[in-house]
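Visitor: Once you have looked at the hints, place chain B on chain A.
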Amino acid sequence: MRVALFLTCVNDTLYPDTGRAVVKLLTRLGVDVDFPMAQTCCGQAHYNTGYRHEAEPLARRFAEVFRGYEAIVTPSGSCGAMVRDLYPRMGERAHAEGRGDTLARTLAPVVPKTYELTEFLVDVLGVTDVGAYYPHTVTYHPTCHGLRVLGLGDRPRRLLQAVKGLELVELPGAEECCGFGGTFAVKNPDVSAAMGTDKVRNAESTGAEVLCAADNSCLMHIGGTMTRLRTGMRPVHLAEILASTEEEPAA
Amino acid sequence: MSATFVGMPGFPEFPSFPEAAHEAVRDKTLRGNLRHATHTIRAKRAKAVAEVSDWAALREAGRQIKDHTLRHLDRYLVQVEEAVTAAGGTVHWAVDADEANRIVADLVKRTGEREVVKVKSMATQEIGLNEALEAEGIHAYETDLAELIVQLGKDRPSHILVPAIHRNRGEIRDIFRSEMSAWGRPAPEGLSDTPAELAEAARLHLREKFLRAKVGISGANFVVAETGTLVVVESEGNGRMCLTLPETLISVVGIEKIVPTWRDLEVFLQTLPRSSTAERMNPYTSMWTGTTGQDGPSTFHLVLLDNGRTDTLADQVGRQALRCIRCSACLNVCPVYERAGGHAYGSVYPGPIGAILSPQLRGTGSEIDASLPYASSLCGACYEVCPVAIDIPEVLVHLRERVAQGGQATRGGNKVVLKPAKGHAAERTAMRAARLALSHPGLLRGGQRLASRTRRFHPRSLPGPGKAWSGTRDLPALPAEPFRDWWQRTHAERGGQGGKDGAK
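If you read the protein sequences in the order shown, they are chains A and B.
Going left to right, the first sequence walks through residues 1 to 251 as this note's numbering numbers them.
Going left to right, the second sequence walks through residues 1 to 504 as this note's numbering numbers them.
These aren't lab readings, by the way, just hints derived from the structure by calculation.
We put the beta carbon where it would ideally sit given N, CA and C, even for glycine.
Warning: the hint list may mix true and false statements.
[Said to hold, decoys possible] Quick list of simulated restraints, FRET-style, between CB atoms: (1) Ala426(B) with Glu175(A): 33 to 41 Å; (2) Leu450(B) with Asp129(A): 56 to 64 Å; (3) Glu175(A) with Arg203(B): 37 to 45 Å; (4) Glu175(A) with Tyr284(B): 28 to 36 Å; (5) Val127(A) with Gly423(B): 48 to 56 Å; (6) Glu60(B) with Ala96(A): 47 to 55 Å; (7) Thr40(B) with Gly151(A): 51 to 59 Å; (8) Glu64(A) with His39(B): 44 to 52 Å; (9) Arg75(B) with Ala162(A): 55 to 63 Å; (10) Val169(A) with Tyr284(B): 39 to 47 Å.
[Said to hold, decoys possible] Below, simulated BS3-like cross-link-like pairs (lysine-lysine); rule was C-alpha separation at most 27 Å, straight line: (11) Lys187(A) with Lys422(B); (12) Lys187(A) with Lys467(B); (13) Lys214(B) with Lys109(B); (14) Lys24(A) with Lys164(A); (15) Lys154(B) with Lys214(B); (16) Lys113(A) with Lys24(A); (17) Lys28(B) with Lys44(B); (18) Lys109(B) with Lys154(B); (19) Lys187(A) with Lys28(B); (20) Lys422(B) with Lys467(B); (21) Lys419(B) with Lys187(A); (22) Lys28(B) with Lys154(B).
Chain B extracted, bound-state conformation:
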């Protein structure tokens, strides 16, 4: 019954992005599922955003609130701890995934329970909490419909908001039919692939888990520092069940999720639902502040998770990734994500935001993390839709520099000088050679002339590494002469600056 998916730390077994994508682009079902889903949500989001007249101002406000909070995170974290403690909760600090998992496992064990129900949470996916709990003999049940599909299918999530986006209805019906019985209530006889029947099957299956569970585990979309209030926004109501029915609630939250005041929520509660599900308002917004008498859980624990965030915060260019509110608009609009699918990113954070988060949270040491900064054509569609204005292309290029050239970074709280990643030596030499040639127009011109004069002998496709281009595209035909030769022939007599051969 254990899932195959392990959390973010230590998955060096993932192939590089281009390798993974090589398979994914050939999977017709996957391509069809992703194309349909991303195009649908893309169009809806555009409509939902267009009807807000002050969207640009909201986006800018969101950026500023996040930047301000990150700038003073030390102060706000302490404020959160004080407020949550005062409200009857207990705050724990986890420097990394292992520590967070240990804390949660110990807290669950202390209740004597062997089962927990989970609210959809990226932070617990990130640390591989389900697998860590399983190793301690504790079963964690995902209750978000899409997470349930992923868990039952022994699969990996491929999208931040819609983890089973790579599955179509027929595949989901098959998973429910064959797997539900091993986890609890089996799928109803003769289950079809209509959305209503699939949802009803999940509802029946999950209901017995909600009613039995004594421990709930969640993440949070926001933590309000001034009161210590946690906020979860969701569509299904399953989260509300997990947050209110159990006796003990444990929330694992990344330290970047803080907003200073309730007032700040007015911005994000407008931008998040429109950006993620294209809704004006999400159906369920649950907020809780510590514990309250007999209403809801009587014990509340908040585990504040670092896991690479402080290191990311230390980087002047890369820190903007911590503004992310996990809306997934960047995934839905990304042409690369649409074709490669979420699994190719080798992380619970796929798509453009994953391509800048994973190599920062995990470092650029592994093959997958060193390849992620290149998993983009830099088209900029992600930046355009980001509700907190993360300039994803800027961070991608910055991380490419780190991979190709090495340089200063912060790992584990210490300043380190990274060596360039493997496999970039030839590229480095080529870039340097190109720069030298381009610094001397004479050399450029010599090369151009040589190329033009031998053009009849040039093949239309290339062998070896050149196949990366010519495997699918013809090479352009070379002209008889470069422009500069034509210019000099036809305009040199004018005697202007252009006539002079500044090439020497």
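The following block holds chain A by itself, in its conformation from the complex:
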């Protein structure tokens, strides 16, 4: 199976460790993973901020770059949701605007082939025990688009529960948004920060060392709040936990 890693622009630029972790994890599970160098950004920030027309060329580029692969795997719930949920809508809107179905037809092939990492592991590869070792206390925050748009359900939790040495503790108010929300974080900084603080306080109350999520954008906000509040907790992407083994433990 030709599997492409759609890393996302945020991870490529700021969180290469997450990308390396996905490559390590998938390779360990026998997947031949490729990183098409022509990939850039899915257009989510443009779309969600009200710049749908600027997002369209990025969506077309995405479809062009990834269409030859059998599966497209991304370690981001929100970018995965952009492709799966919003690309079809972009096509419909273009049609409703009298621009025909070219955009819809261009985007359609990549939509069903795009998987968020935990979906790919559980649904496509059929594994929940990925042979990981991570001797830490972890609490899990389900990010909104993974939870509500993609419907990841208990997949991330099942994967975490199978990790050797990992103690998973429940996060109070887990399903409440952390307050990142893309440009929301800077357009409504007070509310965003208040939500972030509540999320971090809830995380702290679990006594866990690590807050885990499957989306680094949310973790950037939560982690930035954690250090500002001097909590001593760390944000870690799920992929980095799953990539960690006894032979090569994560830092």
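Guide: Below, chain B without anything else, positioned relative to chain A:
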């Protein structure tokens, strides 16, 4: 005695959402009140919904009934007019708030009365009816307990269902003690803040108003087209008093409140109470069809209100907001509402539904209305709980596009091309620049490398507009190299597609 609150049309004086929220998030009492109230009702609603095995089907049925009715609204409105008239009522048509207020004021004046009692009603709040009546020398008394608290406190409602949600018991006792005497029967001596005593004080205060009033004013939750029947659902019974005791009843109802048949109520009378008060069935459901001999009001007027609804209906994406049955489940579950409070939304419709209704009913011209579509992290909790499946995040993003980019809209029944709102020029340029850079991986890579190589010089917090982020959050540390450089170093020899630098 006049309230400070004026209706929806023309309140440009409201600050933008972020400005209003800046104050609200720092108000510890408000935060505490809202957190307690929303979390309590949130949990109860989840339980009430979970015990209905066919909730998803009911939600879908509600969506379809509303969509069907809105699609054929022209026909159903005429049917309502015919049925209400045949049942002895009189139907009036109001294109906007001013017209609706004028109609109601004239109807009250014709009775010779100077006082009216009111059933809790969002439509009359929307048009600022109380203030319009006051200007004509007519006193309107709110009889819903929470609306009474808001009116006595010269306050603004902050929630659709629980307008005084921002108040705690101590604050309510203080309002009753100091304000009730100016409006009628004073609060009893030594009033405490126990719910029973507060309710008894309100009961005594309101009872004399019910018994004296000759005119009642209401809204309606539903209007059944086939019979012209209006439906009000409530918890307290105060509405039932207003609907049955006065001689004249005037109901102001938004045109989207119609359902075609009685059968359709079976869906909404299940979904509305569970979604709003988390009850299996609300305590009082009042239904009336025109007038009936000596039973109840002898004169009945129905004022059908447009006030921006036809314009909203013309928008393919935005029209789903008209499905709303005002349950307020979206408010109770919204993390932004919980922290900013209802007043920050500058409208009688706060929360997620307000953020998509107000900018459509009022347009996006004012500062508050142009900021409302951004008052959401797009977490989707509102859509998940909505009993008529309004995809609120979808409409928010659609309205962001209208604010940031302008484009086609309908205002006052005419197609117009809106200009982008002020203050988005820099963002527009940045979005375009980002799109261009992201369309050329070489440019993206150049930027990434530059950022990585200068990373030691990057501050952890930013000056100027960057403070919006770094005022409360540290910036992430930049890595030594972007992922794509690592990939090319380590995987280029494989010669696969990934090895080729498609960046050029």
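Visitor: Looking at the structure, which of the earlier hints fail to hold?
Guide: 2, 6, 7
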